[in-house]
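Enquirer: As you go down the protein sequences, you meet chains A and B in turn. In this text, residue positions in the first sequence follow this note's numbering: the first is 164, and each later residue adds one. In this text, residue positions in the second sequence follow this note's numbering: the first is 646, and each later residue adds one.
Since the hints were made in silico from the structure, they are not lab data. Because the structure is a prediction, the values reported are computed rather than measured. Please note that the accuracy of each hint is not assured.
Unchecked claim - Result set (DSBU-like, lysine-lysine): computed pairs, CA atoms no more than 35 Å apart in a straight line: (1) B:Lys919 with B:Lys1099; (2) B:Lys973 with A:Lys615; (3) B:Lys781 with B:Lys1099; (4) B:Lys703 with B:Lys1099; (5) B:Lys1099 with B:Lys722; (6) A:Lys437 with B:Lys722; (7) B:Lys1099 with A:Lys437; (8) B:Lys919 with B:Lys722; (9) B:Lys722 with B:Lys973; (10) A:Lys615 with B:Lys703; (11) A:Lys437 with B:Lys973; (12) B:Lys781 with B:Lys973; (13) B:Lys703 with B:Lys781; (14) A:Lys523 with A:Lys615; (15) B:Lys1060 with A:Lys615; (16) B:Lys919 with A:Lys615; (17) B:Lys973 with B:Lys919.
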Amino acid sequence: MNEIVESVNGAQLADEQRLIAIGQQVLEEARGQGASAAEASISVGTGLSVSVRRGEVDTLEHERDRSLAVVVYMGQRSGAASTADFSPRSLQATVAAACSIARYTSEDPARGLADPALLATDFPDLDLHHPWPLSADQAIERALAAEASARDADSRISDCDSATVTTGEGIRVYLNSNGFVGSRRGTRHGVSCIAIARDDAGMQRDYWFSVARSADELESPADVGRRAGERAASRLGSRRLQTGRVPVLYTPMMARGVIGQFLGAISGGNLYRKSSFLLDRLGEQVFPAHVQMQEHPHRPRGLASAAFDDEGVATRDCTVVEDGRLQTYLLDSYAGRRLGRQSTGHAGGVHNLEVRSGDKDFTQLLRTMDSGLVVTELMGQGGNLVTGDYSRGAAGFWVENGEIAYPVEEITVAGNLRDMFAGLQAVGADRDERGSIITGSLLFEQMTVAGK
Amino acid sequence: MTESLDIARQTLLAPAGLDDAALEQAFDRLLAPSVDAADLYFQCTRSESWALEDGMIKQGTHSIDQGVGVRAISGEKTGFAYSDDIVLPALLEASGAARAIARSGQSRGLQVWQRGHGLDLYPPLDPVESMPDQDKVDLLRRVDAEARRIDPRVEQVFVNLSGSHDVVLVADGDGRLNADVRPLVRLNVRVQVEHNGRRESGNAGAGGRYAYTRFLEDDLALGLAREAVRQALVNLEADEAPAGTMPVVLGAGWPGILLHEAIGHGLEGDFNRKGTSAFAGRLGDRVASEYCTVVDDGTLTDRRGSLNVDDEGEPSQCTTLIENGILKGYMQDRMNARLMGVSPTGNGRRQSYAHLPMPRMTNTYMLAGPHDPEDIVRSVDRGLYAVNFGGGQVDITSGKFVFSASEAYLIENGKVTRPVKGATLIGNGPDVLTRVSMVGSDMELDSGIGTCGKDGQLVPVGVGQPTLKVDALTVGGTRG
Ligand SMILES: [Zn+2]
Chain A
164 MNEIVESVNG AQLADEQRLI AIGQQVLEEA RGQGASAAEA SISVGTGLSV SVRRGEVDTL
224 EHERDRSLAV VVYMGQRSGA ASTADFSPRS LQATVAAACS IARYTSEDPA RGLADPALLA
284 TDFPDLDLHH PWPLSADQAI ERALAAEASA RDADSRISDC DSATVTTGEG IRVYLNSNGF
344 VGSRRGTRHG VSCIAIARDD AGMQRDYWFS VARSADELES PADVGRRAGE RAASRLGSRR
404 LQTGRVPVLY TPMMARGVIG QFLGAISGGN LYRKSSFLLD RLGEQVFPAH VQMQEHPHRP
464 RGLASAAFDD EGVATRDCTV VEDGRLQTYL LDSYAGRRLG RQSTGHAGGV HNLEVRSGDK
524 DFTQLLRTMD SGLVVTELMG QGGNLVTGDY SRGAAGFWVE NGEIAYPVEE ITVAGNLRDM
584 FAGLQAVGAD RDERGSIITG SLLFEQMTVA GK
Chain B
646 MTESLDIARQ TLLAPAGLDD AALEQAFDRL LAPSVDAADL YFQCTRSESW ALEDGMIKQG
706 THSIDQGVGV RAISGEKTGF AYSDDIVLPA LLEASGAARA IARSGQSRGL QVWQRGHGLD
766 LYPPLDPVES MPDQDKVDLL RRVDAEARRI DPRVEQVFVN LSGSHDVVLV ADGDGRLNAD
826 VRPLVRLNVR VQVEHNGRRE SGNAGAGGRY AYTRFLEDDL ALGLAREAVR QALVNLEADE
886 APAGTMPVVL GAGWPGILLH EAIGHGLEGD FNRKGTSAFA GRLGDRVASE YCTVVDDGTL
946 TDRRGSLNVD DEGEPSQCTT LIENGILKGY MQDRMNARLM GVSPTGNGRR QSYAHLPMPR
1006 MTNTYMLAGP HDPEDIVRSV DRGLYAVNFG GGQVDITSGK FVFSASEAYL IENGKVTRPV
1066 KGATLIGNGP DVLTRVSMVG SDMELDSGIG TCGKDGQLVP VGVGQPTLKV DALTVGGTRG
């Protein structure tokens, strides 16, 4: 299998200068076709993904992606187009398609490039690029180690659905006709495992994963496999619960989703459309006073670190919630103009948003809750951001006297996000750093659990 | 189908000067002695979308994506590589990479090319070209005006029109050459209403494998506007939903998402080959009441989930999954069919050339039953009547599934009474259909809005069912 090693780590990844030149060509072409302004983003990536099952390779995938997207402005009208073909003929056709669309869109006073005064001028090295010279054979070996470890974790692990090792590298370049040129290059590597546990009553699956910019920060394949195995086995013998109102503790992986809903409710797109249950709440108490949320976009090696957002606007440290009060909305240029405000550098979302509160670990939070539900899995769509209504399928554990009593499944948890946030009793110190939202467990005062 | 193959050659191979000899060269690289199957999947997708908001044509996008995916299978192992350049050197390089899964040795030759015979379920038209751009934006404006005309409480109207033209050509190691030209369009309306500070929304959509002009027929487009407003106004009156286990009556059509989640995914061949599905090894078992017969049918004319051939070149078919309550069959792609020793069922699908095929659903629905839909509602003393849904999800191993109601009512003493807020319903796939005690005569397919996600890959699908009653299902409301 040595013949494929060379394509793994971006030996063929186009260099940034070439992508910038292509972007400039596109902006030039847009000007030539009559656009008053334009912006282009180009991304290319390569990757290797290996999955094993039952001690053998299951899939070996080589990934190579590229895409170019252009937005052209004809005064206050705009049109967008994208392509994966970077030939001059295709670029010309892509710009033409965008210009043609712009002729049919409406004049929109809020439309346009980001305010030049807000564009990033400083490009700190965020330490995001750590290629992993991993051959396919080495990747297979690591995946096999994860799988073996999952099987060893518990005698009831009958199988693994898969154990996977991935490595990837990408470059993203953004340019606009106000002279902004920015590029970011980064790597992302991962190990994951999905284990299947079986007993007389049936089967359960669960997973664990590790992801990092640099391979030396990954959990070992053996640890990933073991945790997947333990998690799957711990779900065997799940029962249902009686319907009622109880305290609910979301583990960090589940907590991330609820915080994501909060961020959705304070994001510009939902605010100017009046499609948020948190309209006009700036400066007000949304969470209890112990809750803090801060964003650190320049965190070295952060999974969501970036010096500029998707429109070139400089990102900076920002307090989103202080002592439970909402300190800022999350705005891109368009939503900012619609709301009579400036972009906050959130085109494309948040960059390393951290939720902080107390210093209780998971075990201490169980004791605080005393009796209630721990949610380790959620199913289905989240809440309704217009109304805040929230209802999801769930699985997890029932807790009695501050200790896990037994696994539960086939239940729902429901409430209103506004009340859930206001009644947030604690945020754990068990922070999960594997995403753009970094949070510990969340303890909600009361939710409705539906079951038997 | 011959026409499709000609279009596909012209679109995908001719621009790069690729001929049959070039494909043979690629297979020379791919077909190591231990390779059981291999294929080249060429694809060019052109798509566009138009969005209206605040009465303005706010956005339009156009995109072209093309490339070739190369796969080699040896036993249960799959090697895969792809390129977004359709040129000979990239094709040969990808072939070499995909083959790395197999032991090396002398390649075996390819048989003579044979044209496949697919179905003819939709015309090979390009929706993007099926209507002038001016007419597309006029259509959006008319839908907006209709929604606003109906009720002064309408605060926001979002209209989305999208279309794609997908040309695929599959060449496989058995020398089969198949092509499909797949149009797909969709019109969606979301309405937000406001009354005394309370806001609610409603959604309606339709689509299929046809030209945009279909939206102008039978009042279809304006009908969607009225339907979205109706739903939003119903939600404006909705009380808290009940919490707990109770009888649930599901309406006809889109609520068939029940079948997609509760049994559909669990009957896909890959999970059953691996033994990770709650349905594994249960062929011939009773998994539903006698009233339930469920099929997966990719052969319906114009439907969103239909395919002339699947993404492995197999003609679509109608596969009986459950017949009168007995589990009859799984949905297969070629690899899982071969490994399980059964025939492929035309369910091998992939999101694009950059993704591996898997067994996927097409249009999954339950056939009509013997009961009068009104009698079904009348039979319920206290329960839920759910007629519109958002999405769903399933854990195929434990069998637990959810689907989220977006329009629902209480049933009290055999009558539909007050509307209640949306809520998630949860159940257990392997036994939920055994609790289906009544099945209506009003079988209906959905309006063409379904998208299914599996392992991160999205494909368009359809669902359908008659009105039916599940004797006990858990409703995730807030009123205990
Ligand atoms: Zn699905």
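Enquirer: Are there hints from earlier that the structure breaks, and if so, what are their numbers?
Expert: 6, 10, 11 and 12
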